[in-house]
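Sequences and hints are given; from them, build the entire structure.
Just so you know, the protein sequences line up as chains A and C, in that order. Counting from 1, position 380 in the first sequence corresponds to residue 380 in the UniProt record's numbering; the numbering is continuous, with no gaps. Counting from 1, position 278 in the second sequence corresponds to residue 278 in the UniProt record's numbering; the numbering is continuous, with no gaps.
Simulated from the structure, these hints should not be mistaken for lab results. Everything numeric in this text was worked out from a predicted model, so none of it was measured. Take these hints with a grain of salt, some might be off.
[Unchecked claim] Between beta-carbon pairs, the in silico distance windows are:
1) A79(C) <-> T64(A): 42 to 52 angstroms
2) L52(C) <-> A194(A): 35 to 45 angstroms
3) T64(A) <-> A156(C): 56 to 66 angstroms
4) E230(A) <-> S239(C): 56 to 66 angstroms
[To be verified] Some chain A residues judged to face chain C by a derived CB distance under 8 angstroms, without partners named:
5) Y237
6) Q543
7) L555
8) C556
9) N559
A virtual CB, placed ideally from N, CA and C, is assigned to each residue, including glycine.
Now for the letters of each chain:
Number of protein chains: 2
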Amino acid sequence: MRYLAFLAVGIIPAVSALWPMPRTLTNGSDFLILSPSFAINVDITKPPGDLLAAVAQTKTYLETDKLERLIPGRSASDAPSLKKAGVLPSLTLSLQSKSSPVLSIASEAVKDLHSRSEGYTLSIPADGSPAHLSANSTLGLFRGLTTFTQFWYSDAEGKTTYTNVAPVNIANDVPAYPYRGLMLDTARNFFPVADIKRTLDAMSWVKINTFHWHITDAQSFPLSLPDFPELAAQGAYSSNQIYSAADVQDVATYAAERGIDILMEIDTPGHTTAISLSHPSFVACPYAAPWSSFANEPPAGQLRLATPAAVNFTKEVIGAAAKALPGKYFSTGGDEVNMKCYDDDAQTQADLKASGQTFEQALSAFVGATHSALAALGKSAVVWEEMVLDFNITLAPDTVVMVWISSANAALVAAKGFSFVHAPSDYFYLDCGAGEWIGDDPTGNSWCDPFKTWQHAYTFNPLANITSEQAHLVLGGQQLLWTEQSDANNLDSIVWPRAAASAEIFWTGATLPDGSPLSGTEAIHRLHDLRYRMVQRGVKAIQLQPQWCALRPDLCNINS
Amino acid sequence: MRYLAFLAVGIIPAVSALWPMPRTLTNGSDFLILSPSFAINVDITKPPGDLLAAVAQTKTYLETDKLERLIPGRSASDAPSLKKAGVLPSLTLSLQSKSSPVLSIASEAVKDLHSRSEGYTLSIPADGSPAHLSANSTLGLFRGLTTFTQFWYSDAEGKTTYTNVAPVNIANDVPAYPYRGLMLDTARNFFPVADIKRTLDAMSWVKINTFHWHITDAQSFPLSLPDFPELAAQGAYSSNQIYSAADVQDVATYAAERGIDILMEIDTPGHTTAISLSHPSFVACPYAAPWSSFANEPPAGQLRLATPAAVNFTKEVIGAAAKALPGKYFSTGGDEVNMKCYDDDAQTQADLKASGQTFEQALSAFVGATHSALAALGKSAVVWEEMVLDFNITLAPDTVVMVWISSANAALVAAKGFSFVHAPSDYFYLDCGAGEWIGDDPTGNSWCDPFKTWQHAYTFNPLANITSEQAHLVLGGQQLLWTEQSDANNLDSIVWPRAAASAEIFWTGATLPDGSPLSGTEAIHRLHDLRYRMVQRGVKAIQLQPQWCALRPDLCNINS
Numbered sequence: 001m002r003y004l005a006f007l008a009v010g011i012i013p014a015v016s017a018l019w020p021m022p023r024t025l026t027n028g029s030d031f032l033i034l035s036p037s038f039a040i041n042v043d044i045t046k047p048p049g050d051l052l053a054a055v056a057q058t059k060t061y062l063e064t065d066k067l068e069r070l071i072p073g074r075s076a077s078d079a080p081s082l083k084k085a086g087v088l089p090s091l092t093l094s095l096q097s098k099s100s101p102v103l104s105i106a107s108e109a110v111k112d113l114h115s116r117s118e119g120y121t122l123s124i125p126a127d128g129s130p131a132h133l134s135a136n137s138t139l140g141l142f143r144g145l146t147t148f149t150q151f152w153y154s155d156a157e158g159k160t161t162y163t164n165v166a167p168v169n170i171a172n173d174v175p176a177y178p179y180r181g182l183m184l185d186t187a188r189n190f191f192p193v194a195d196i197k198r199t200l201d202a203m204s205w206v207k208i209n210t211f212h213w214h215i216t217d218a219q220s221f222p223l224s225l226p227d228f229p230e231l232a233a234q235g236a237y238s239s240n241q242i243y244s245a246a247d248v249q250d251v252a253t254y255a256a257e258r259g260i261d262i263l264m265e266i267d268t269p270g271h272t273t274a275i276s277l278s279h280p281s282f283v284a285c286p287y288a289a290p291w292s293s294f295a296n297e298p299p300a301g302q303l304r305l306a307t308p309a310a311v312n313f314t315k316e317v318i319g320a321a322a323k324a325l326p327g328k329y330f331s332t333g334g335d336e337v338n339m340k341c342y343d344d345d346a347q348t349q350a351d352l353k354a355s356g357q358t359f360e361q362a363l364s365a366f367v368g369a370t371h372s373a374l375a376a377l378g379k380s381a382v383v384w385e386e387m388v389l390d391f392n393i394t395l396a397p398d399t400v401v402m403v404w405i406s407s408a409n410a411a412l413v414a415a416k417g418f419s420f421v422h423a424p425s426d427y428f429y430l431d432c433g434a435g436e437w438i439g440d441d442p443t444g445n446s447w448c449d450p451f452k453t454w455q456h457a458y459t460f461n462p463l464a465n466i467t468s469e470q471a472h473l474v475l476g477g478q479q480l481l482w483t484e485q486s487d488a489n490n491l492d493s494i495v496w497p498r499a500a501a502s503a504e505i506f507w508t509g510a511t512l513p514d515g516s517p518l519s520g521t522e523a524i525h526r527l528h529d530l531r532y533r534m535v536q537r538g539v540k541a542i543q544l545q546p547q548w549c550a551l552r553p554d555l556c557n558i559n560s
Numbered sequence: 001m002r003y004l005a006f007l008a009v010g011i012i013p014a015v016s017a018l019w020p021m022p023r024t025l026t027n028g029s030d031f032l033i034l035s036p037s038f039a040i041n042v043d044i045t046k047p048p049g050d051l052l053a054a055v056a057q058t059k060t061y062l063e064t065d066k067l068e069r070l071i072p073g074r075s076a077s078d079a080p081s082l083k084k085a086g087v088l089p090s091l092t093l094s095l096q097s098k099s100s101p102v103l104s105i106a107s108e109a110v111k112d113l114h115s116r117s118e119g120y121t122l123s124i125p126a127d128g129s130p131a132h133l134s135a136n137s138t139l140g141l142f143r144g145l146t147t148f149t150q151f152w153y154s155d156a157e158g159k160t161t162y163t164n165v166a167p168v169n170i171a172n173d174v175p176a177y178p179y180r181g182l183m184l185d186t187a188r189n190f191f192p193v194a195d196i197k198r199t200l201d202a203m204s205w206v207k208i209n210t211f212h213w214h215i216t217d218a219q220s221f222p223l224s225l226p227d228f229p230e231l232a233a234q235g236a237y238s239s240n241q242i243y244s245a246a247d248v249q250d251v252a253t254y255a256a257e258r259g260i261d262i263l264m265e266i267d268t269p270g271h272t273t274a275i276s277l278s279h280p281s282f283v284a285c286p287y288a289a290p291w292s293s294f295a296n297e298p299p300a301g302q303l304r305l306a307t308p309a310a311v312n313f314t315k316e317v318i319g320a321a322a323k324a325l326p327g328k329y330f331s332t333g334g335d336e337v338n339m340k341c342y343d344d345d346a347q348t349q350a351d352l353k354a355s356g357q358t359f360e361q362a363l364s365a366f367v368g369a370t371h372s373a374l375a376a377l378g379k380s381a382v383v384w385e386e387m388v389l390d391f392n393i394t395l396a397p398d399t400v401v402m403v404w405i406s407s408a409n410a411a412l413v414a415a416k417g418f419s420f421v422h423a424p425s426d427y428f429y430l431d432c433g434a435g436e437w438i439g440d441d442p443t444g445n446s447w448c449d450p451f452k453t454w455q456h457a458y459t460f461n462p463l464a465n466i467t468s469e470q471a472h473l474v475l476g477g478q479q480l481l482w483t484e485q486s487d488a489n490n491l492d493s494i495v496w497p498r499a500a501a502s503a504e505i506f507w508t509g510a511t512l513p514d515g516s517p518l519s520g521t522e523a524i525h526r527l528h529d530l531r532y533r534m535v536q537r538g539v540k541a542i543q544l545q546p547q548w549c550a551l552r553p554d555l556c557n558i559n560s
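In structure tokens form, the structure reads like this:
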């Protein structure tokens, strides 16, 4: 009868805006109003400041989201149900573990991936008794607060905040994979700190826990290192387009307080042309022409990996950058090494001859030097897939590999026994499909055409191509934005809400709480909700469909 | 010697940021500083208010653009040249025609396309004597002011405003084609008036003179018509997503004062589902399933073109919308008529039987009725190409046809003898390449893949496919944004600076002032400049290349 009643007033089944979907969830279909005096109580002795800040932010979101339900008729359809709804007076936070002192979110967020505790348990009764959120860590509480904010809608006047899916029970929602990232390239074009922070906020809303900061590249070196000030002074686009040491600390702290670790990357030995502006003797083939013979895109230039002084310099730079960050991971890059650049470089050839090393031996020593700087800081190195697939070099067993050229290459990396992160260009590259940006190529398309829709990204299977014995090697995955055609002006619109696709795949795993596989036709309801909520919070996420469809996704499927 | 001197300090040849390039231009390479007390004198008796407003806006742009030259070293390279530069004290505006009263820009901008006077003559001496701008109309003066603002750069401190290409002489720069447009669909997703106005500003900066406002469609009817308030009351997405009569006047006035006419479109007989919400008896197959059998996208629904009451209603709606606008053109649409919708509609079949008309005869009568409403207002009708290519119906000879399905179809339309506007999906559709938005189609791509880059759009030849005898039929062209995946959040980034490509093709014509053909490798320098200027003025135009390339486009070509 209830089903029929729903149909009679034209209401489609209730859909809550949870993203990523918790791994466990039971819920009802009662309406529950957030009390105008709703309180969040922190039942923790000496709670860390960032937890209290997160509680305050949660209350702000509850007050300002003001998202009407995305159904035909919007909130007006809910008015009758609200008259008999319970009222939620409060949410109480507690820690399951009583160890002291209580660590901050920021401290928990930068632990080793395998020791990070992100799980939480949340209950929201429908009868007006208080809600409870508990976790083993403040990081888990932060994740739970994020989930809590996603249950609530507003009426058209913005006066009543309510959910339509009470009671709610989420028992120990823990992520399926420890690494859930987003990569941003801040070297092709520069992004002000404010734009990075807004992106970090949006990442935290979908429980992404790693900001892969591809901070330098051939085109510019915007990272100011106190021990090497000349790198940014000469290599940044301008003095206004530099990340100072204080900026990096600011971003790292802002991120960690939101449950996000920084995986910084200084790409080596390729993608380093900008270093030649301050250290010309360390770079082979700088600005060589035609660029297409010496690099995948202009300008050409690679670190002289066989030159002892260049090796030592690179090791010190990597160490200096890594020691400024609290996390356990740092990327030395390693993609797209161009052989002609080195073959044609007299200095490199002379250095190889002098040392008696093959190129591969020199590369191994070069990478080993930078990785030893990381090991000395207690950190693990991250590299692009070429470092294990294209060259026979020695890498520490804790090295993490980014698979990017093709999703199929995960199998090759797994066969080498390395842990890896899925970053496949055929699913997760956010820049693909925007056309050729190289000049004088009017018929050229994006090298990784077509555009990677959220629907396509959402079909990615982290365990495809590998054996069940290799499954433990999958640390997680991420979507990535290379910024040849992006800057702050289109950052939000090219990233959101698409980057939420991988956030759910790697948190929720293969199945929804009811055991059914992830499905785009189910997810689109929630993704629309997430997108509208992002816009309410100031992130310019794009519309995925005409608004008519956003209220009725089931009527806009290909076969509906 | 001078050339060598330039090379010695690493300066690439001067490039001014003119867009569209004037059809006539001679210039030098002297530096000239805008006087801190620079004045614009209007040597016109009783100048219209919108001309004075345009002068004030010009002065504001000169003060706030603060664009450093896009060259390595930026403005620092220019410091030596500025020491010996002349100073420009003023610009004087005058009208070549002494007829009175002087018409406003807004009045000139909405004249018949063939009587619109957009030409101007501009001289900027290098020796410190005043600059002069003259034209036959205030609209021409407005175009000249727009050109004038594009010559100026700033030093890094923003204290000195200067050009590096004085003296300048532009003798009678008149557009190659009278119609240069941009289409925006405000029905799939709604765009607030403020976003439309910002777009109109950007359009005016590149001398686009027509805003093709695709204001209604199947998904929503946001246009509030005083005589038919129920259409928007029932058919808009919400009461906050309606263009009131005052909004339309506001937009039309804002546009006209910037030299832009409104070409409003109420698409008929297809794309009208939203009308069924207030007038169910006038719409066949509303929301029929599966939508793919009845429409090109959801939801299905078309006006009952054989039903006399529906025909009369449509005629009155078109007339009501058209009479509220000052321009000479109005579009009745006519694309993507679905035959199964009518074949299956008992009412339509009964009406055809009762009248004894064939479908084509009924369509002809339906279109004739709406066009007669326009003719009664002294306006010409605009239709999509299907109305002349897919059906044998009677159309007035002044009907303007939009060619959209393929650029090649221009030949077919020309063969029918109609004037037409180039709006080809294979060159000018700004939404292409963003992936499939229809749900449950994770492998689907944009129907008009790939993305239409500015480089590709810029290769469009308005005279391809037609004979020289048919050339007079080409009114011009436009780029278009269909908004299934756009709203205000990505409006700027998906439109700009790409839409400037057609603006230049249809103003400048086939050749640059030196007689050479339009070329992407020449244009990219100016387009970067235009893009940076747009950003300075608050339009979030995207980066076309890494900033490294923006300062050195010649080094980022495919063969450089």
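Evaluated hints:
1. Distance hint for A79(C) and T64(A): a CB-CB separation of about 48 angstroms, consistent with the stated range 42 to 52 angstroms.
2. One distance hint, 35 to 45 angstroms for the beta-carbon pair L52(C) and A194(A), holds here, with the actual separation near 38 angstroms.
3. Look at T64(A) against A156(C): about 39 angstroms separates their beta carbons, and that is not inside 56 to 66 angstroms.
4. Against the hinted window of 56 to 66 angstroms, the Cβ-Cβ separation of E230(A) and S239(C) comes to about 60 angstroms, which satisfies the hint.
5. Taken as an interface hint, Y237(A) checks out: its beta carbon lies about 5 angstroms from the nearest beta carbon of chain C, inside 8 angstroms.
6. A hinted interface residue such as Q543(A) counts as satisfied when its beta carbon comes closer than 8 angstroms to some beta carbon of chain C; here the least separation is about 5 angstroms, so the hint holds.
7. Taken as an interface hint, L555(A) checks out: its beta carbon lies about 6 angstroms from the nearest beta carbon of chain C, inside 8 angstroms.
8. Interface restraint check: C556(A) against chain C, minimum CB-CB distance 5 angstroms, threshold 8 angstroms, status holds.
9. Residue-level restraint check for N559(A) holds (minimum Cβ-Cβ distance to chain C is 6 angstroms; threshold 8 angstroms).
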